[in-house]
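Novice: What follows is each chain in one-letter form.
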Amino acid sequence: MIAPRVKAPRTESRDPIQASALAHQPELLGAFLRLYGTLWSRGEVDQFTKEMARIRNARTVNCPICKATRFAGARAEGLSEAIVDEIRDGYSTSDLAPRHKAVLAWVDAFLAEPGGGHEVLRKQLLEHYTPAQIVELTAGIALFMGFSKIAVSLGGLPDEIPVHEQPTPDVP
Amino acid sequence: MTWLPETAGGSDPFSRVFALRPNLYEAWREFEGLLWRDDRVDPNVLALCQLRLAQRNGARWLPGSAAPAVDEAKLADLDAWWKSEHFTPLEKACLRFAEQYALDPSGIGDDDARPVTEALGDAGTVAFVEALAIFDGFTRFCAMLDIVPEGDAQ
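Just so you know, the protein sequences line up as chains A and B, in that order.
When the first sequence is numbered by this note's numbering, its final residue is 172 and no position is left out of the sequence of numbers.
When the second sequence is numbered by this note's numbering, its final residue is 154 and no position is left out of the sequence of numbers.
Honestly, the hints are just simulated from the structure, not real lab data.
Please read all numbers here as calculations on a predicted model, not as lab measurements.
Note that CB positions come from ideal geometry on N, CA and C, so glycine has one too.
Mixed in with the good hints, there may be bad ones.
Stated by the list, open to error - Coverage of chain B stretches by chain A, computed from C-beta distances (three or more under 8 Å per stretch; other residues unrestricted): (1) 3-10; (2) 38-49; (3) 66-74; (4) 87-94; (5) 105-114; (6) 123-137.
Unchecked claim - Residues on chain B that point at chain A, a partial pick, calculated with CB under 8 Å: (7) L24; (8) L62; (9) L78; (10) W82; (11) K83; (12) S84; (13) Y101; (14) T117; (15) R140.
So that you can see chain A by itself, here it is in the shape it has in the complex (with noise of 0.2 Å):
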C-alpha cells in the first residue's frame, strides 16, 4: 500500500467520494459531484452499460475502490456478479453481448492506445449506439479514467476491498 500523500479533511459525511481527500476542494468537489451524476443520472447510455465500462477500466487501472464499487442502478438493470466476472482480459470469447464487448473494447482502446485509429471498433460502435451515445460513452471512460488514477495517485488505499454497493450518481 501507498502512504496517503494527502489527508482527507474532518467531515461528517459518511459518503466515500465527499470524505475522501476531494474534500480540501469544495467548489471543485460539488462540480465534480454535478457533471458525475448527470453522466450517470441523466444520460442517454444505460447503467448497465456504463457500468461495465467503469469496472472494466477500474480493474485495468486497478484501483481498489472503484473494483469494489457496484452501482444499485446497473443492478437493477441486471447487471450480476456473475456477469461481471465476464469483464476480464479474454471478454472478446465470452457471452457478452456483442455491443457490451465493443464497449469494453473501447475502454482498452482509451486506455492503452487513444491515438490508434481503432477503424474497425469504431464501426462496430456506430452499429450498436448513436454518436450522442458514443460521445457519453468516451466521455464516461474519461472521468472513470480520471478519477480511479486520482485515487491510485494519492496513496493510502487498502490492498482490496470487499464488494459492495452504492447510490448511482445523481445530481445532487
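Once you have looked at the hints, place chain B on chain A.
Specialist: For chain B alone, coordinates are given in the frame of chain A:
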C-alpha cells in the same frame, strides 16, 4: 473534424462533438473552468501539463478554453522537458508526476510525489490531480473521437 457522422452546434470542433450530449457538456465546462483559477495551481504549470499529456495521448485538439499561452522556448522543449534548462524545478516535478499519472499512477514514487505535495500543499495537490484527470481523460477523448482543427482532417 471527427469520424462521428453527426455533430451539434458549437464554436469549435470539441464543443460541436461534446455538445451532442448538451447537459453533460455543460456540466463538464463548469468543472473544467474551475481548474484554471489561479488561486489553486499556477495555470502556467497546468498548461504545460495539459500540452504534454496531449502530446503523449496523440490529441490534435486541446479541450477547454482557459489555458494561458505557453512560453515559446518551453513549448519547443516540451517533448524533452527533463533535459531542458527552460523549466523550473516545480514545472519539472509536475511534468514528471503528470507523465507517470497518465502512464501508470501506481508507479508514482514518493520521490516523484514529494516535490509536488510540498510545493502545492494538500489542497493544491488535490486540485492538481483533478486537473490531470481532466487533461489526461479529455485529450484521450479528442484522440479517440479524432477531434481535429477545421481543415486538418485526414
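Novice: It remains to establish, for every hint, whether it holds in the given structure.
Specialist: Structure-based check of all given hints:
1. 3-10: n = 5 at 8 Å, threshold three: holds.
2. 38-49: It is violated, with 1 qualifying residues against the three required.
3. 66-74: Not satisfied, violated; 0 residues make the cut.
4. 87-94: Contact hint for the stretch 87-94 of chain B vs chain A: violated, 0 residues under 8 Å.
5. 105-114: holds (count 5)
6. 123-137: holds (count 11)
7. L24: Holds: closest Cβ of chain A sits about 5 Å from L24/B, inside 8 Å.
8. L62: Result: violated, 14 Å to nearest chain A Cβ.
9. L78: Nearest chain A Cβ about 17 Å off; hint violated.
10. W82: Since the shortest Cβ distance to chain A is 19 Å, the answer is violated.
11. K83: At about 24 Å, which exceeds the 8 Å cut-off, the nearest Cβ of chain A leaves the hint on K83/B violated.
12. S84: With a closest approach of 24 Å, the S84/B hint is violated.
13. Y101: At about 5 Å, which falls below the 8 Å cut-off, the nearest Cβ of chain A leaves the hint on Y101/B intact, so it holds.
14. T117: 5 Å, holds
15. R140: 4 Å, holds
Checked against the numbered hints given earlier, this structure breaks hints 2, 3, 4, 8, 9, 10, 11 and 12; the rest are met.
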